[in-house]
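Now for the letters of each chain:
Number of protein chains: 2
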Amino acid sequence: MTPAFDTLDTPAALIDLSRMQHNIERMQQCADRLGVRFRPHAKTSKCAEVVHAQVAAGAQGITVSTLKEADQFFDAGIKDILYAVGMAPHRLPHALALRRRGCDLTIITDSVVGAQAIADFGQAHNEVFPVLIEIDTDGHRSGITPTDPLLLDVGRVLHDGGMTLAGVLTHAGSSYELNTSEALAALAEQERVGCVHAADRLRAAGLPCAVVSVGSTPTALEAANLTGVTELRAGVYVFFDLVMHNVGVCDVDELALSVLTTVIGHQAEKGWVIVDAGWMAMSRDRGTSKQQRDFGYGVVCAPDGERLEGYLMIGANQEHGILARDGAADPDVVTRFPTGTRLRILPNHACATGTQFPEYQAVSQDGSLQTWSRFHGW
Amino acid sequence: MTPAFDTLDTPAALIDLSRMQHNIERMQQCADRLGVRFRPHAKTSKCAEVVHAQVAAGAQGITVSTLKEADQFFDAGIKDILYAVGMAPHRLPHALALRRRGCDLTIITDSVVGAQAIADFGQAHNEVFPVLIEIDTDGHRSGITPTDPLLLDVGRVLHDGGMTLAGVLTHAGSSYELNTSEALAALAEQERVGCVHAADRLRAAGLPCAVVSVGSTPTALEAANLTGVTELRAGVYVFFDLVMHNVGVCDVDELALSVLTTVIGHQAEKGWVIVDAGWMAMSRDRGTSKQQRDFGYGVVCAPDGERLEGYLMIGANQEHGILARDGAADPDVVTRFPTGTRLRILPNHACATGTQFPEYQAVSQDGSLQTWSRFHGW
Numbered sequence: 001m002t003p004a005f006d007t008l009d010t011p012a013a014l015i016d017l018s019r020m021q022h023n024i025e026r027m028q029q030c031a032d033r034l035g036v037r038f039r040p041h042a043k044t045s046k047c048a049e050v051v052h053a054q055v056a057a058g059a060q061g062i063t064v065s066t067l068k069e070a071d072q073f074f075d076a077g078i079k080d081i082l083y084a085v086g087m088a089p090h091r092l093p094h095a096l097a098l099r100r101r102g103c104d105l106t107i108i109t110d111s112v113v114g115a116q117a118i119a120d121f122g123q124a125h126n127e128v129f130p131v132l133i134e135i136d137t138d139g140h141r142s143g144i145t146p147t148d149p150l151l152l153d154v155g156r157v158l159h160d161g162g163m164t165l166a167g168v169l170t171h172a173g174s175s176y177e178l179n180t181s182e183a184l185a186a187l188a189e190q191e192r193v194g195c196v197h198a199a200d201r202l203r204a205a206g207l208p209c210a211v212v213s214v215g216s217t218p219t220a221l222e223a224a225n226l227t228g229v230t231e232l233r234a235g236v237y238v239f240f241d242l243v244m245h246n247v248g249v250c251d252v253d254e255l256a257l258s259v260l261t262t263v264i265g266h267q268a269e270k271g272w273v274i275v276d277a278g279w280m281a282m283s284r285d286r287g288t289s290k291q292q293r294d295f296g297y298g299v300v301c302a303p304d305g306e307r308l309e310g311y312l313m314i315g316a317n318q319e320h321g322i323l324a325r326d327g328a329a330d331p332d333v334v335t336r337f338p339t340g341t342r343l344r345i346l347p348n349h350a351c352a353t354g355t356q357f358p359e360y361q362a363v364s365q366d367g368s369l370q371t372w373s374r375f376h377g378w
Numbered sequence: 001m002t003p004a005f006d007t008l009d010t011p012a013a014l015i016d017l018s019r020m021q022h023n024i025e026r027m028q029q030c031a032d033r034l035g036v037r038f039r040p041h042a043k044t045s046k047c048a049e050v051v052h053a054q055v056a057a058g059a060q061g062i063t064v065s066t067l068k069e070a071d072q073f074f075d076a077g078i079k080d081i082l083y084a085v086g087m088a089p090h091r092l093p094h095a096l097a098l099r100r101r102g103c104d105l106t107i108i109t110d111s112v113v114g115a116q117a118i119a120d121f122g123q124a125h126n127e128v129f130p131v132l133i134e135i136d137t138d139g140h141r142s143g144i145t146p147t148d149p150l151l152l153d154v155g156r157v158l159h160d161g162g163m164t165l166a167g168v169l170t171h172a173g174s175s176y177e178l179n180t181s182e183a184l185a186a187l188a189e190q191e192r193v194g195c196v197h198a199a200d201r202l203r204a205a206g207l208p209c210a211v212v213s214v215g216s217t218p219t220a221l222e223a224a225n226l227t228g229v230t231e232l233r234a235g236v237y238v239f240f241d242l243v244m245h246n247v248g249v250c251d252v253d254e255l256a257l258s259v260l261t262t263v264i265g266h267q268a269e270k271g272w273v274i275v276d277a278g279w280m281a282m283s284r285d286r287g288t289s290k291q292q293r294d295f296g297y298g299v300v301c302a303p304d305g306e307r308l309e310g311y312l313m314i315g316a317n318q319e320h321g322i323l324a325r326d327g328a329a330d331p332d333v334v335t336r337f338p339t340g341t342r343l344r345i346l347p348n349h350a351c352a353t354g355t356q357f358p359e360y361q362a363v364s365q366d367g368s369l370q371t372w373s374r375f376h377g378w
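Protein chains in written order, with our numbering: chain G, 1 to 378; chain Y, 1 to 378.
Among these hints, one or two may not hold up.
Since the list gives no way to pick out one identical chain from another, each pair is judged satisfied if it fits inside one copy or across any two copies.
In silico SDA-like pairs for lysine to any residue, Cα to Cα no more than 25 Å straight-line [as the list claims (entries may be wrong)]:
#1 LYS290 to TYR176
#2 LYS79 to ARG37
#3 LYS270 to HIS197
#4 LYS270 to PHE375
#5 LYS290 to PRO89
#6 LYS68 to THR147
#7 LYS290 to HIS376
#8 LYS68 to ARG91
#9 LYS270 to PRO331
#10 LYS68 to HIS376
#11 LYS270 to PRO89
#12 LYS68 to ARG342
#13 LYS79 to GLY377
#14 LYS68 to GLU359
#15 LYS68 to LEU369
#16 LYS79 to HIS90
#17 LYS290 to CYS103
#18 LYS270 to ALA56
#19 LYS270 to VAL113
#20 LYS270 to PRO149
#21 LYS270 to GLY173
#22 LYS68 to THR371
#23 LYS270 to LEU152
#24 LYS68 to ASP153
#25 LYS79 to VAL55
#26 LYS270 to ALA210
#27 LYS68 to ARG99
In short, the hints are calculated from the structure, not lab data.
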């Protein structure tokens with residue numbers, strides 16, 4: 001335990017900087033090897049310092065999930081921003097304000113009504129919005145399937161309406177449900193083929209389509225070939241988490257985000273350790289509950305980050321976590337983890353756990369700490 | 001839809017003020033009828049205006065789950081505060097600072113080591129901390145069982161150590177797992193009997209025990225008799241939620257907290273409506289998934305709060321929610337819920353959903369809005 005830790009109140013969200021840097025470089029090398037630009041999704045960290053580290057490693061622009069993220073990251077010096085949630089017409093004035101401030105904001109849509117609203121608003125305000133059409137390559141959520149006639153209709157509404165039809169985008173979110181390299185590589189290929197096919201159809205119809213943007217952390221890491229793709233996106237890789245570990249794309253000792261907590265009591269007969277990180281700190285995300293290995297609310301580590309094999313957070317109330325040995329109760333929890341002991345808990349889902357904290361404590365290898373703020377809300 | 005709603009960006013956390021006031025009065029009347037003081041748990045709202053409404057209705061003091069809540073509510077004018085999480089020794093300086101500022105802060109413990117740390121720190125700083133001993137009446141989490149010899153040891157350490165042994169406290173958190181009036185009334189009686197027995201044992205040993213504090217929302221509402229109890233606590237009742245509805249203590253139209261969202265797209269063939277409230281807005285809480293009725297990520301209502309029978313949020317990504325009819329797909333979702341339509345979603349768990357928002361929009365019956373801030377973090 002480094003001395004700086006003693007000054008922290010708990011629960012606290014720790015970022016292990018050497019692990020984060022390793023993860024950033026691993027993904028950037030992946031994009032470089034595949035010959036595509038890399039545009040990280042900033043929704044995972046919502047933190048300027050993290051995004052600056054991604055850009056320093058070679059990222060070209062960022063992806064965001066809210067216009068508040070766009071505002072915050074533009075203020076932090078990032079100009080090239082893709083807002084990758086279907087553009088709601090009532091948010092067009094906000095998008096316009098960002099562009100008028102100098103932000104190179106790209107938006108997305110997957111319907112004629114959405115495209116028409118963008119074109120009408122753009123014309124009314126003399127603004128040429130760059131727009132990507134969202135493609136559905138795995139039935140996961142939103143988007144137009146690559147072969148749907150609707151694709152060309154949407155493209156024409158944007159192009160003929162004077163907007164910049166910038167290209168196509170897809171996100172194979174169903175990759176989170178897989179857990180072998182082979183299945184992930186196959187889904188990455190499905191993502192690529194579908195998105196490239198959509199781009200080809202637009203081009204064959206005489207429409208422009210410069211950008212072909214694909215990605216999710218698992219498919220980005222397992223893609224063997226991205227021919228025809230121009231841009232890769234991924235978010236959670238920057239911290240990784242237990243869900244990604246179960247998906248098979250990281251080791252537990254690559255997880256960069258953890259929650260520092262303090263032992264506040266015991267139920268000795270049950271082998272329970274009570275800590276001051278409950279679901280308010282860990283989030284309610286139980287993403288590993290349906291995976292091959294259920295890690296409860298998280299994996300228990302020593303303060304230096306070393307895993308305490310077999311100990312999990314098995315239950316959580318708002319401000320109480322219950323730690324126990326997986327399997328047979330540990331009769332020695334009181335002496336092993338006395339009141340006041342500090343522990344780190346690795347979370348199921350880094351995006352959800354990060355959200356619970358107004359700030360991160362970034363831990364350098366020498367044990368020094370920096371406080372990095374994280375923004376909250378919309 | 002009231003005109004004021006049009007000015008709100010989405011997602012937004014709405015409080016229906018007439019429902020909230022109804023819930024506050026219902027619980028206060030319950031405590032009054034049972035002849036006990038009522039001390040609401042402020043962790044649900046983390047909002048000064050909500051707590052002031054509870055106090056105005058008759059609440060005497062509040063309960064908090066973090067010392068940040070104590071700081072914030074003390075600054076908002078609440079003096080009598082119970083911090084109902086086992087006191088971690090490293091937080092004693094913070095508790096001392098609150099008391100030195102004039103806060104009538106009571107703390108809790110359930111171990112000799114915890115009691116000794118409080119007594120030692122109190123003596124070292126000439127502070128007499130009022131302390132409740134936490135009693136375990138249902139095996140749910142923390143606390144000393146009512147018959148455990150340890151109870152008297154902890155009492156003596158506090159009393160002989162010069163602290164104010166203020167009494168005993170229990171929380172039958174397992175009430176959330178029940179769903180009949182009879183079972184809840186039986187658990188309320190178990191909570192009462194156990195806590196009163198612990199108090200009687202302390203008194204029989206010559207130790208003081210003025211306070212006998214019990215409660216959880218379900219047991220508070222279903223208790224038939226609180227003889228020997230001095231104080232009732234409950235938190236989530238102020239908003240209620242779908243978990244409480246499944247427990248059987250409220251109707252769906254008593255839920256005071258909802259998330260306002262906007263339709264941003266469709267997958268017409270699947271009968272899906274895509275909205276801009278995902279798990280970041282609703283939280284990852286899926287508390288109804290193991291109850292008699294699984295409501296997914298929430299129940300869909302019109303903007304005026306009227307339930308749209310059969311429509312649920314069936315899936316959620318970070319900033320996308322997927323709404324669909326429960327059972328057979330609705331072929332008319334595009335015309336029924338056009339892009340731009342506003343809807344309200346009732347959440348599984350009000351405490352977890354509230355946390356996702358920096359502020360509430362409090363909606364009066366005349367449709368006017370007030371923005372109430374909510375604090376975040378520790």
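Now for the hints, and whether the structure bears them out:
Proximity of LYS290 to TYR176 under the C-alpha cut-off of 25 Å is found in both arrangements, the shortest distances being 11 Å within a copy and 23 Å between copies. Taking the shortest Cα distances, LYS79 and ARG37 sit within 25 Å of each other inside one copy (16 Å), while across copies they are farther apart (57 Å). In this assembly of identical chains, the alpha carbons of LYS270 and HIS197 lie at most 25 Å apart only when taken from different copies (23 Å versus 58 Å within one copy). Taking the shortest alpha-carbon separations for LYS270 and PHE375, neither the intra-copy value of 39 Å nor the inter-copy value of 35 Å comes in at or below 25 Å.
Proximity of LYS290 to PRO89 under the C-alpha cut-off of 25 Å is found in neither arrangement, the shortest distances being 36 Å within a copy and 37 Å between copies. Proximity of LYS68 to THR147 under the C-alpha cut-off of 25 Å is found in neither arrangement, the shortest distances being 34 Å within a copy and 54 Å between copies. Taking the shortest Cα distances, LYS290 and HIS376 never come within 25 Å of each other, neither inside one copy (28 Å) nor across copies (30 Å). With identical chains, the CA atoms of LYS68 and ARG91 are at most 25 Å apart within one copy only, with a shortest distance of 11 Å there and 35 Å across copies.
Taking the shortest Cα distances, LYS270 and PRO331 sit within 25 Å of each other inside one copy (8 Å), while across copies they are farther apart (52 Å). When the C-alpha separation of LYS68 and HIS376 is checked against a cutoff of 25 Å, the pair qualifies both within a copy, at 9 Å, and between copies, at 17 Å. Taking the closest pair of Cα atoms, LYS270 and PRO89 come within 25 Å of each other only across two copies (23 Å); inside a single copy the shortest separation is 55 Å, beyond that limit. Taking the shortest alpha-carbon separations for LYS68 and ARG342, only the inter-copy value of 20 Å comes in at or below 25 Å, while the best intra-copy value is 35 Å.
For the homomeric pair LYS79 and GLY377, the shortest alpha-carbon distance inside one copy (21 Å) is at most 25 Å, but the shortest distance between copies (30 Å) is not. Proximity of LYS68 to GLU359 under the C-alpha cut-off of 25 Å is found in both arrangements, the shortest distances being 17 Å within a copy and 15 Å between copies. For the identical chains of this complex, LYS68 and LEU369 are inter-copy neighbours only, at 22 Å across copies versus 27 Å inside a copy, given an alpha-carbon limit of 25 Å. Proximity of LYS79 to HIS90 under the C-alpha cut-off of 25 Å is restricted to the intra-copy arrangement: shortest distance 23 Å within a copy versus 44 Å between copies.
Within a single copy, LYS290 and CYS103 get their C-alpha atoms no closer than 40 Å, and across copies no closer than 46 Å, so neither meets the 25 Å cut-off. Taking identical chains as interchangeable, the C-alpha atoms of LYS270 and ALA56 are never at most 25 Å apart, the minima being 49 Å within one chain and 42 Å between chains. Proximity of LYS270 and VAL113 under a CA criterion of 25 Å is satisfied inter-copy only: 18 Å between copies versus 58 Å inside one chain copy. Within a single copy, LYS270 and PRO149 get their C-alpha atoms only as close as 61 Å, which misses the 25 Å cut-off; across copies the closest is 17 Å, which meets it.
Within a single copy, LYS270 and GLY173 get their C-alpha atoms only as close as 39 Å, which misses the 25 Å cut-off; across copies the closest is 17 Å, which meets it. In the homo-oligomer, the alpha carbons of LYS68 and THR371 lie at most 25 Å apart both inside one protomer (21 Å) and across protomers (18 Å), since each shortest distance falls under that limit. Only between protomers do LYS270 and LEU152 lie at most 25 Å apart by alpha-carbon distance; the minimum there is 21 Å, versus 63 Å within a single protomer. For the homomeric pair LYS68 and ASP153, neither the shortest alpha-carbon distance inside one copy (30 Å) nor that between copies (54 Å) is at most 25 Å.
In this assembly of identical chains, LYS79 and VAL55 lie within 25 Å of each other by CA distance solely inside one copy; the values are 11 Å within and 49 Å between copies. Taking the shortest Cα distances, LYS270 and ALA210 never come within 25 Å of each other, neither inside one copy (61 Å) nor across copies (30 Å). Within a single copy, LYS68 and ARG99 get their C-alpha atoms as close as 14 Å, which meets the 25 Å cut-off; across copies the closest is 39 Å, which misses it.
Checked against the numbered hints above, the structure violates hints 4, 5, 6, 7, 17, 18, 24, 26; every other hint is satisfied.
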